[in-house]
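Protein chains: 2
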Amino acid sequence: MAWDLNLSIDRDSRETLAAQLRSAVRRHIEEGALHPGVRVPSSRQLAADLGVSRSVVVEAYEQLCAEGYLVSRRGSGTLVAAARSEIGSALTPDDRPPPAEVVDLRTGGSDTSTFPRQDWIRCVSSVISSAGPRELGYGPPSGLASTRHTLVGYLGRVRAVRTRPEHLMITSGFAQGLAMLCRVLRDAGHDRIGVEDPGHPGEWRFIADAGLRPVAIPVDGDGIRVDELIASGVRTVLTTPASQFPTGAVLSTGRREQLVAWACAVDGYIIEDDFNAGWVAPARRMPALQSLAPDRVVYAGSASKVLAPALRLGWVATPAELTGPVERVRASWDIGCSGIEQLAFARLVDIGAFDRHLRRLRAESHRRRQAVHHFLARRLPRVTVFGREGGAQTYLELPRECAEKLLVQAARRRAVLVRGGRFYALRDDDRAPALVVGHAGVSGAALSRGLAGIAAAYRDVTEHRGG
Amino acid sequence: MAWDLNLSIDRDSRETLAAQLRSAVRRHIEEGALHPGVRVPSSRQLAADLGVSRSVVVEAYEQLCAEGYLVSRRGSGTLVAAARSEIGSALTPDDRPPPAEVVDLRTGGSDTSTFPRQDWIRCVSSVISSAGPRELGYGPPSGLASTRHTLVGYLGRVRAVRTRPEHLMITSGFAQGLAMLCRVLRDAGHDRIGVEDPGHPGEWRFIADAGLRPVAIPVDGDGIRVDELIASGVRTVLTTPASQFPTGAVLSTGRREQLVAWACAVDGYIIEDDFNAGWVAPARRMPALQSLAPDRVVYAGSASKVLAPALRLGWVATPAELTGPVERVRASWDIGCSGIEQLAFARLVDIGAFDRHLRRLRAESHRRRQAVHHFLARRLPRVTVFGREGGAQTYLELPRECAEKLLVQAARRRAVLVRGGRFYALRDDDRAPALVVGHAGVSGAALSRGLAGIAAAYRDVTEHRGG
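Residue numbers (my numbering), protein chains in the order written: chain R, 1 to 467; chain P, 1 to 467.
No lab work stands behind these hints: they were computed from the structure. One should not assume that every hint holds.
Stated by the list, open to error - Which bits of chain R does chain P cover? Going by a derived footprint, with three or more residues having C-beta under 8 Å, they are:
1) 31-42
2) 123-134
3) 391-400
As the list claims (entries may be wrong) - Covered by chain P, according to a simulated footprint, are these stretches of chain R (three or more residues, beta-carbon under 8 Å):
4) 175-189
5) 213-220
6) 355-363
To be verified - Facing chain P, according to a computed beta carbon distance under 7 Å, are these residues of chain R, among others:
7) Trp3
8) Asp209
9) Arg312
10) Leu426
Keep in mind the model is a prediction, meaning the values are calculated, not measured. By construction, the Cβ of each residue, glycine as well, lies at the ideal position given by its N, Cα and C atoms.
So here's chain R without its partners, still in its complex pose (with noise of 0.2 Å):
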C-alpha cells in the first residue's frame, strides 16, 4: 500500500541522505505530527517518492525501529509505535461503550435497530454508480432540487403539507433550521418565541443561543393553551401538534383552528415541529397543521428520528415571505449538506423503502408502547399514563406525594436511566411530579428489566416514605 508522508531532504546538505531522513521522521515523531499507530510508507515507496536509494530509506528505518520510533509487523508494514504515555488516549470516553447491563430509558434516542442498512446501502451504491460533475459536485446551499421535489411530494402525500421545492430547504438537521429561524426571527425585530412547557430543553437552547427568549405555553390533554399563549404576548410559538413532546397530546381540532387564527391576528408564525409524527399511520392521523395556513406556519421534519441521527438530515419548509431570508442566513452559515445522503434519501423514499421502513418502525414502537403501557397499568395502578397514540416516549404523572428526583434516583440505583419531569420543564412552579419512560432505544428483555426496575425504584421510594 503506498501510504504518503511528508518529508522533505536537502541534497546539498553536509549529512546523509538517510541521516537526514532519520532525523526528519524523528523530529516529525517528537512534535506530534506523526502519531503512533500511523502508517509510514514502505521503503520502497518512499525511496521511489523521494527519489532516492532504496538502502538510503532501509538504513533509516531499521535505525528508527532500533531506537524504538518505528515498528516492523510482518504484514502490516512500518507503523509509528506507541508512545508508552499514549497508550489507550486515544480512546475518548465516548468512545467506551456502557456497562452492558445499564437500561437507558431516556428520551432523545431513535431507534436505530430498525434501520434500513441493507436498503440504505442499496441506495448509496445506486446513486453513487451513476452520479455525474453535477451530482458529486457543489449543490445549492438549499438542497438538490431533484431531492427537494421528491421530498415536497412525500410531505404532500403523507402529511397534506402544501409547498413547492423552492421554499423547502434540506437542512442539517431540524436543530439547524430552528436556529436559521431563530436569527431571522431576531433580525425581524422578535426577541421571544412561545415554546410548550413542557417540552424540549434542547431546542431552548438553540432558541437561547440564537438571541431569543423562550416563553413558556402550558400544555394540557389537547395540546398547547392557545389562550395561554394569547396571553404571553409572543407572536411565534414553537409546536409538536402530531404528539406534543413529551406529554404525547395531539392537538385537538378546536385548538388547531385557534392556533392558526392567532397567527393570522398577530402577524406572527408557527413553527411545527413534525419529528414526532413518524410513529402515527398516516390513514389515521390528522394533516399537518401546515396545509391549514401554509403562510403562517413553518413545517419542519427530520430523518433523525424516524431513519439515523447520525444522517442529519432535516427539512424546512417556509412560508413564501420567509424563504429568502433563511436562505440569506444559510448562505452565511455552510454552502448545504451532503449531496450523496441527499439523493440516497431521495431514492429511498422514490422506490417505496422509506414507506416500508415507517410500517416496520410504526409497528415495532406500537407494541414497545403497549408493554410500556400495559406493565404501568399493572404494576403502577396509581400513576397517569399520558401519550396511548405516539411518540416514542410516555409521560407518567406520579402521585404528589411521589418525589421525582427520589424515584429517578433510585432508579439509577436500579441500573435504569430515566428522567423526571423537571428535565422537560421549562418553568417548575405547582408540576405535579412526573416521569418521562423513553422507549426508542431499547426493546423486548431489555425494555422488561427497565420497567420491573422502575416499579421496584417506585417501590423503594414510596415504602421508604411510608416506613
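For chain R, the structure is supplied; the task is to place chain P on it using the hints.
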C-alpha cells in the same frame, strides 16, 4: 408497494365513505399537497389502512381517474395525474444539463471523474453493516472521536500538522469552518481580516457576512507579501501557503518565517487554507505552515477538491485557545455532520484508499497542467504563466494591451467559459490583465478544445485591436 397516504374519513358523516375519500383526495390535489406524479396506495392497501372495504376505495379511485385527478398505470400502480400547467415544471434550471459543446474552464470545480466510487461504496457499506446505536445515533457536534483520531494521524503524516483530536473539528466543508472562525474573531473584537489579492471571492463573501471586512494583501511569486500585511494593521490573515489561489505561488521559506513572526508580534492568527495541498506530492512539498506554530495557525482543509464537493466534509485544527469558542459557535448552528460519512471517510483513509486515490488524482492533475502549460507556451507566447507546481488552475498574465474582458467574452463566443483576473481581484488598481484557466472539470479532448478556443479568442481580440 405499501405507499402511505394521509387521509381521514368520518364514519359519522352523512356522505358515503367513497364520496368522502374522493373529495379528500381531490382537495389534497387541488390545494397542492398531493403533487403530480406522486404514488398513492393500492386500493387494497388504502382499504386496509383506513379499515374500510376495498370496494369503497375502488369506487373512489375509479371516479378520480375518470375526472383526471389520478391515473392508473399497469405495473406502476396509481398516481396523481400531471396537471397540464405542471408538465416540465419539476425541472428547475439547475437540473438541465448544460449544452455538451461548452467547455467549462472556470475554477471552483473539482475533478469528480476520479472519485473512487467503488472504494466509497465499500466504505459506506462496511460502516453501515457494522454500525450500532452509537454510530447511527447523535454524535458530538465537533465530530466523531474515531474520525478525528484518524484525521489527526493522517494530517500529521502527509502535512506534518501538529494537533490532537480534541482540537480538530469536522465541519460541513471549509466554508463552515471559515464562517465560524470569523464569528469567533468578531466576538473577540476583530473587525478586519487580511486576505490574499488575487484570491477567492467566495471566501470574501463569507467573511463579510460574518461582519468582518476583508483587507486586500498583495501576492507575488513568493506568495503573500508579509510587508504589506504588516503595513495593513490587521491581526488575522487567511492564506493559501501550499499553493496560492489562484496564482499557484508557493510561500517561500523566508516568507513562512516572517508570517509566523508577524502573527506572534501582533498576537494574531494565520488561517491556513490548505485545500490546494493535495495536488503536490507529499514527499516533495513543504509541511503545513501550522507545523511551525500550532498556537498561531488555524489549519483548515476539506474533501471537496480532492474527493467530491458533494460530501461537504471539512476539518479545522485550532490553537487550543480557539477550540472552545469555535465549539460554542458550532453548537448554536447545528449539531454536527453526517456520522455515516465521517466514518466512511475515516475508513477510506484507514485502509489506504484515500492515499491511493490522491496519487491517481495528482498524476491526472499533473498531466492536465502539463497539457495547459505546453499549449500556452506554444500558442500564446506573449503571456506569462504562473503556477507550474500545483493547484487545479493556471494563472496567465496577459500582455498589457490585451483587454481581459474582451478576451473572456471572445472565449464565451467560442463556447469556452473562463474567468479573467478581475473575478479574483479584491482591488482592481493597476493590475495586469490576466486569465485563470481551471482544469479540474475537463480532461482529454475537451481540455484541448477549450485551450484551442482560448487561443482563437486571443487571436480574435489581439487581431481586432491590430485591425
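To see whether the hints hold, each was checked on the structure:
1. 31-42: The restraint on the region 31-42 of chain R holds, since 9 of its residues have a Cβ under 8 Å from chain P and three suffice.
2. 123-134: holds (count 8)
3. 391-400: violated (count 0)
4. 175-189: holds (count 3)
5. 213-220: violated (count 0)
6. 355-363: holds (count 4)
7. Trp3: Status holds, d = 5 Å.
8. Asp209: holds (4 Å)
9. Arg312: holds (5 Å)
10. Leu426: At about 19 Å, which exceeds the 7 Å cut-off, the nearest Cβ of chain P leaves the hint on R:Leu426 violated.
When the structure is compared with the earlier hints, violations turn up for hints 3, 5 and 10 and for no others.
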